[in-house]
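Peer 1: Got chain A; can you put chain B on it based on the hints?
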Amino acid sequence: MPDSIPKRSWRAWRGLLRPGDWGVVLAGFALCVGAGFWFWRGDAPDGVIVRASGRIFEKADLSHPRRIEVPGPLGITVVEIEPGRVRVASDPGPRQYCVRQGWLAHAGAVAICAPNEVSLTLTGRGAKYDSLSY
Amino acid sequence: MTRSVINLTPTPEDDRIARHAAAAIALAVAEAAIPLPLPGVKPGLANIITLVVLVRWGWREAAWVSLLRVFAASLLLGQFLAPGFFLSLAGALASLLALAGAAGLPKKWFGPVSHSIFAAFAHIGAQLILARAWLIPHDGVFYLAPLFGAAAVVFGLLNGLIATALLRDLPGQQEAPRP
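Chains as they are written, first to last, in the working numbering: chain A, 665 to 798; chain B, 4 to 182.
Isolated chain A, as found in the complex (with noise of 0.2 Å):
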């Protein structure tokens, strides 16, 4: 073995680098970034909690798209699921106001369906409260 490896300068330094490595390091670097914007999100919810009277009717993670019917006094309630978000897709309630509501796609957000007593909860970190009570 050599007493001492030779200095190099940063030319030299970068001149180990082969083509493809260039590409290892960046792409090394977007994955990086893509995992921040996949893991940083913030308020994004990683599941629904669906009550009937008041009663959790069921648990649900956010991955797969499916549909959940949920009786209540007044008939079924269905409940739609898509890969990060939920909606109420029908009530037999006369106002129709959790259905308007849309899509729910942030932690915390609540729908509820009073008149036939169901109600959605999305789960998830950075919640802006825990529970509501009404």
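Source of the hints: derived by calculation from the structure; they are not laboratory data.
Ideal Cβ positions, reconstructed from N, Cα and C, are used throughout, including at glycine.
Errors might be hidden in some of the hints.
Said to hold, decoys possible - Derived DSSO-like pairs (lysine-lysine); straight-line CA-CA distance at most 30 Å:
| no. | chain 1 | residue 1 | chain 2 | residue 2 |
| --- | --- | --- | --- | --- |
| 1 | B | Lys-45 | A | Lys-723 |
| 2 | B | Lys-45 | A | Lys-671 |
| 3 | A | Lys-671 | B | Lys-110 |
| 4 | B | Lys-45 | B | Lys-110 |
Stated by the list, open to error - Anything over 12 Å on all C-beta distances counts as not near chain A; from chain B, calculated:
| no. | residue |
| --- | --- |
| 5 | Leu-39 |
| 6 | Trp-67 |
| 7 | Ser-77 |
| 8 | Leu-80 |
| 9 | Leu-90 |
| 10 | Ala-134 |
| 11 | Ala-136 |
| 12 | Gly-143 |
Stated by the list, open to error - Ranges between beta-carbon positions, derived for each pair:
| no. | chain 1 | residue 1 | chain 2 | residue 2 | range |
| --- | --- | --- | --- | --- | --- |
| 13 | B | Pro-109 | A | Leu-690 | 17 to 23 Å |
| 14 | A | Pro-729 | B | Ala-21 | 56 to 62 Å |
| 15 | B | Lys-110 | A | Arg-789 | 42 to 48 Å |
| 16 | A | Phe-701 | B | Pro-15 | 46 to 52 Å |
| 17 | A | Gly-700 | B | Pro-140 | 33 to 39 Å |
| 18 | B | Lys-110 | A | Leu-690 | 56 to 62 Å |
Peer 2: Frame of chain A, contents of chain B only:
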């Protein structure tokens, strides 16, 4: 009972592995003295040795050197069979798998820097998955993933550059014949 003498004659390969592993262990132990800004983020200087061995002597010797280092360094640091040891082992195994793949990339385009960054990502990925599955069963573990990823790129780049410089400057051995 017959008395028998077992003679173990180390092959030149054994000698090389022992020498490289010793260098890697020294680096791993020295690195443990560096204060870390964030638990889990460290330069991984011992991997420089793995990278050099990979290019010069092939994947099998690199795997020996890497795993010997994980075991010996954890024994020296009193971490053996502690959670940190399993994280190191998972990281080392994943890195070796990544290196097996990365070593097959065209050499004209991809050098030790690429190997190093791929291995660093595999390392931190395996550690995060193991930590999530076993130590901290909550997705909050992934909250720091972007920082770990950035550390993987930066330290992967530095280690890869040092390995490339060593490969260029150290005289003597030729690159390993690829099987």
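Peer 1: Are all C-beta atoms of chain A more than 12 Å from that of Ala-134/B?
Peer 2: The claim stands: Ala-134/B keeps its Cβ more than 12 Å from every Cβ of chain A (closest is about 14 Å).
Peer 1: Tell me if the beta carbons of Lys-110/B and Arg-789/A are separated by a distance inside 42 to 48 Å.
Peer 2: 45 Å, holds
Peer 1: Cβ-Cβ distance between Phe-701/A and Pro-15/B: within 46 to 52 Å?
Peer 2: Holds - the Cβ-Cβ distance for Phe-701/A and Pro-15/B, about 51 Å, lies within 46 to 52 Å.
Peer 1: Are the Cα atoms of Lys-671/A and Lys-110/B separated by 30 Å or less?
Peer 2: 25 Å, holds
Peer 1: Confirm or reject the statement that Gly-143/B sits farther than 12 Å, beta carbon to beta carbon, from all of chain A.
Peer 2: 8 Å, violated
Peer 1: Is the nearest Cβ of chain A still more than 12 Å from the Cβ of Leu-90/B?
Peer 2: About 19 Å separates Leu-90/B from the closest Cβ of chain A, which puts it past 12 Å; holds.
Peer 1: Does Ser-77/B clear chain A by more than 12 Å, comparing its Cβ with all Cβ atoms of that chain?
Peer 2: Ser-77/B is indeed farther than 12 Å from all Cβ atoms of chain A, at 27 Å.
Peer 1: Non-interface claim for Ala-136/B: all C-beta distances to chain A beyond 12 Å?
Peer 2: Non-interface label on Ala-136/B holds, nearest chain A Cβ at 17 Å vs cutoff 12 Å.
Peer 1: Range first: 56 to 62 Å. Now tell me if the beta carbons of Pro-729/A and Ala-21/B are that far apart.
Peer 2: 57 Å, holds
Peer 1: Is the hinted pair Lys-45/B and Lys-671/A satisfied, with a Cα-Cα distance of at most 30 Å?
Peer 2: 25 Å, holds
Peer 1: For the pair we were handed, Lys-45/B and Lys-110/B, check the Cα-Cα distance against 30 Å.
Peer 2: 28 Å, holds
Peer 1: Is 33 to 39 Å respected by the C-beta to C-beta distance linking Gly-700/A and Pro-140/B?
Peer 2: 23 Å, violated
When the structure is compared with the earlier hints, violations turn up for hints 1, 12, 17 and 18 and for no others.
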